[in-house]
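Make the full structure from the sequences, and use the hints.
The lines below spell out each chain.
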Amino acid sequence: MRGRSLSGLAKGMATIMLFLMVAVALYGEQPRSGGTLIVSLGTDVPIFDCVYASGIPNLGIIHLVTQGLTEINPTGGEPKVWPVLATSWEQSPDDPRVWTFHLREGVKFHDGTPFNAEAVKFNIERMINPETKALARSSFVMIESAEVVDEYTVKIITKEPFAALPAQLAYSPMCMNSPAQVQKLGNKDYYTAPIGTGPFKFVHHIKGQEVRLEANEEYWGGRPYLDALIMKPIPETASRLLALEAGEVHVAYHVPPRDAQRYMSDPRLGIEVLTPPQQRRMFVGMNVQWGPFKDVRVRQALNYAVDKQAIIDSIFLGLTKPMDSPMPPTALCYSPVKYYEYNPKKARDLLAEAGYPNGFEVTLHYGPGRYLLDTEVVEAVQSYLADVGVKVKVVPLEWAAYSAMLRKPLEETEIQMFFIGWGLPTLDPELGIGPFGKEAWAPGLNNMFYSNPELEELILAQRAATDPEERCKIVKRAQEIIMEDAPMIALYYEPQIHAKRKEVHDFVISVTERIDEVLIRNTWLETE
Amino acid sequence: MTRYIVYRITLMFFVLFGVSIFVFLLVRLVPGDPAELLADQWATKKDIELLRRQWGLDKPLITQYLVFMNHLLHGDLGNSVASNTPVAKEIAAKFPNTLKLAITGTLIAIIIGAFAGIISAAKPYSIFDNISMVLALLGVSTPAFWLGLMLILLFAVKLDWFPATGAGTIKHLILPSITLGLLTAGVIARQTRSSMLEALQQDYVKTARAKGLRETIVIYKHALKNALIPVVTIVGLQFGHLLGGAVLVESVFGWPGMGRFLVDSIFTRDYPVIQGAILVFATAFSLVNLGVDLLYGSIDPRIRYE
Chain A
899 MRGRSLSGLA
909 KGMATIMLFL
919 MVAVALYGEQ
929 PRSGGTLIVS
939 LGTDVPIFDC
949 VYASGIPNLG
959 IIHLVTQGLT
969 EINPTGGEPK
979 VWPVLATSWE
989 QSPDDPRVWT
999 FHLREGVKFH
1009 DGTPFNAEAV
1019 KFNIERMINP
1029 ETKALARSSF
1039 VMIESAEVVD
1049 EYTVKIITKE
1059 PFAALPAQLA
1069 YSPMCMNSPA
1079 QVQKLGNKDY
1089 YTAPIGTGPF
1099 KFVHHIKGQE
1109 VRLEANEEYW
1119 GGRPYLDALI
1129 MKPIPETASR
1139 LLALEAGEVH
1149 VAYHVPPRDA
1159 QRYMSDPRLG
1169 IEVLTPPQQR
1179 RMFVGMNVQW
1189 GPFKDVRVRQ
1199 ALNYAVDKQA
1209 IIDSIFLGLT
1219 KPMDSPMPPT
1229 ALCYSPVKYY
1239 EYNPKKARDL
1249 LAEAGYPNGF
1259 EVTLHYGPGR
1269 YLLDTEVVEA
1279 VQSYLADVGV
1289 KVKVVPLEWA
1299 AYSAMLRKPL
1309 EETEIQMFFI
1319 GWGLPTLDPE
1329 LGIGPFGKEA
1339 WAPGLNNMFY
1349 SNPELEELIL
1359 AQRAATDPEE
1369 RCKIVKRAQE
1379 IIMEDAPMIA
1389 LYYEPQIHAK
1399 RKEVHDFVIS
1409 VTERIDEVLI
1419 RNTWLETE
Chain B
14 MTRYIVYRIT
24 LMFFVLFGVS
34 IFVFLLVRLV
44 PGDPAELLAD
54 QWATKKDIEL
64 LRRQWGLDKP
74 LITQYLVFMN
84 HLLHGDLGNS
94 VASNTPVAKE
104 IAAKFPNTLK
114 LAITGTLIAI
124 IIGAFAGIIS
134 AAKPYSIFDN
144 ISMVLALLGV
154 STPAFWLGLM
164 LILLFAVKLD
174 WFPATGAGTI
184 KHLILPSITL
194 GLLTAGVIAR
204 QTRSSMLEAL
214 QQDYVKTARA
224 KGLRETIVIY
234 KHALKNALIP
244 VVTIVGLQFG
254 HLLGGAVLVE
264 SVFGWPGMGR
274 FLVDSIFTRD
284 YPVIQGAILV
294 FATAFSLVNL
304 GVDLLYGSID
314 PRIRYE
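Chains as they are written, first to last, in my numbering: chain A, 899 to 1426; chain B, 14 to 319.
Any given hint could be a false lead.
Subject to a maximum C-alpha distance of 25 Å in a straight line, what follows is the list of computed DSS-like cross-link-like pairs (lysine-lysine) [claimed, not checked]:
hint, chain 1, residue 1, chain 2, residue 2
1, A, K1306, A, K1192
2, B, K59, A, K1105
3, B, K102, A, K1031
4, B, K102, A, K1057
5, A, K1031, B, K72
6, B, K102, A, K1082
No wet-lab data here; the hints were simulated from the structure.
Put into structure tokens, the structure is as follows:
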């Protein structure tokens, strides 16, 4: 395991180095130091402490200060998990519950205290201790304990074997804070002066206005080129883009496709569109315990009825691809198992076969404004389904009310159809296929109330698997079952569309939607 | 006068008490609670219940209210569930921004609105009157976000005179204030015009003119003073509204004020923040109303406070 991930990593690093060298040779552009990079997100960081913050791009800003043990490969490629503060890890062959993590040596927190095994143990315990009231505690409760082996080695023991652990530790709410600082300020006030090991140090956070970070001169990866980084929240998309065009910010998150097209076609604006790889699966879930959806033929029919490619081309400018697996192509063990091509005739035949030659009526709930162009997508789905006789009543709900509805268990649920996006920030099959199991029935994610006995076994088997190839085989079968059973109309992977000004170089937004906490070191500004 | 103020402030406490109960119940009546929203998407029923227990949301409503009241009387608005920070601290950081914007916006509105209203009334149905009333109508009916975006496009992107968004310096304050001012000026202009027109037809104005006073003195000293009461009422109401935060303008300009803060907290069902913010609004609104009522007396000495 250790050797595998290292050699893959070396290859990945070498490729990037080579690419950078070629780029430098071609353009003759040398990175230069100095300048302040200004990034704007649609929302503010709720609180500058991983444990209490939510929202992946926001957590990405926090990670520039307080890093993780691991991170997800920002390109979505192999190996999926990159080392950050842990340099390598292995699962014990004798007891698969036990993982050993080797830590980067000689790293210091911004307050000068050493980063070591004690610090890792402290942060893991802080996350899983119910007293901490961590919002994402449920994502780490598989951890039983963390033990210090020596200064730079730590053992993490899970309750059951858990193959996804290194990827899970890359999940944004887990980051390494200075234990001395947490103890000094207390859990509650730690956010006022967070201390980590990252390329940037925390300067201040004026709520709703700006987060200001400054370069960490002592950064273990070498001082970043940038002197400072500012994050400005600008909730209104039009204003965010105007600020980008006016040169007030260098990077704007979440650009509507229409504006992306404008930037691409008019180079005078000096703006480059960033389209990092995707991981969010967008689909219309069907409650398989409700009426016509009990019949798998109906669910398949609805999949054939929708022209996914046309939706992608007309609404998303072709910037993504249709779902052909319950997992995104960037996920570990992804295989393109089944694509429901657009075939309205087949859809009508299947509906007739299932006893619905004239279709039926159904209600679809969604929370408009949450996902990119969601209303347009829902309307397109509605009209495609109308073509095969299925009359969809669309009910938009405010997000909080919609969430409350989704959290209702089977006995109380009013859900028939629902439009949703499932992120896969760990790129791991655990969260890739796990939510399709009975364990995840609402109030968990599974609002389809779907379950398949073979799938249930596969979900458990991949979790316990210790051999990566074996695990991918299991996961492949699981993907096939889910696509075949079709508890959802599989639509597309949500495109990530952001934009930056041309004077910003070597700036990477990760597949996870975070600014990459390691590669940000290489980002440099042409002017200033 | 003092007795009147004491009486009004006592009354205000009853109003605030009512508001506190109303808001407390209202936020809990709408579907969705913070535990369901903020819990990690992989959370199970147990995790959600754990969060509810941590925030005291599993207790009966009456207990929850008493806890809230008890904290409130000790000056504690509780902690935000979304960010785990004290609500009072967050409000203390945001309210000054809202206050700044409300004051400058209202000042701009008064200057433009009153000026346009007075001149229009002095020369009714003139070209100036027609133009300014059409503009006032436009001001009243223009969507805030559109006007804001147009101002950004012109003054920030094209001319580069002011920053497009953000806060911190006087320069940041100008575009949002103008947006608010222009939108509010219309109402004030129309109100000023109509109440000035009424005043100008009164006998005392005829007397003043008959005495041979200059028209400016007739308008500003005799008519305006008498026309002011309804205008002050409107200005007070508008100012009170702006203290509640101008959500759209704040969003367009990325202004860290109370309006956005409240709306965001409603989206996350952050009960302590919603309760705290609404109470602050209610207090501010009541105080502004009290101020307006007291102003009446100094504008019109016939008004007495018994």
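(Q) With the threshold set at 25 Å, check whether the alpha-carbon distance from K102/B to K1082/A stays at or below it. (A) 21 Å, holds
Q: Decide if the proposed pair is consistent with the structure: K102/B and K1057/A, CA atoms, cutoff 25 Å inclusive.
A: 40 Å, violated
Q. Is it true that the CA of K1306/A sits at most 25 Å from the CA of K1192/A?
A. Holds, at about 19 Å.
Q: Mind checking the alpha carbons of K1031/A and K72/B for me, to see if they're no more than 25 Å apart?
A: 18 Å, holds
Q) Is the straight-line distance between the alpha-carbon of K102/B and that of K1031/A 25 Å or less? A) 20 Å, holds
Q) Would the pair K59/B and K1105/A pass a check requiring their Cα atoms to be no farther apart than 25 Å? A) Not OK: K59/B and K1105/A at ~32 Å, beyond 25 Å, violated.
Violation of the numbered hints given earlier is confined to hints 2, 4; the remaining hints are satisfied by the structure.
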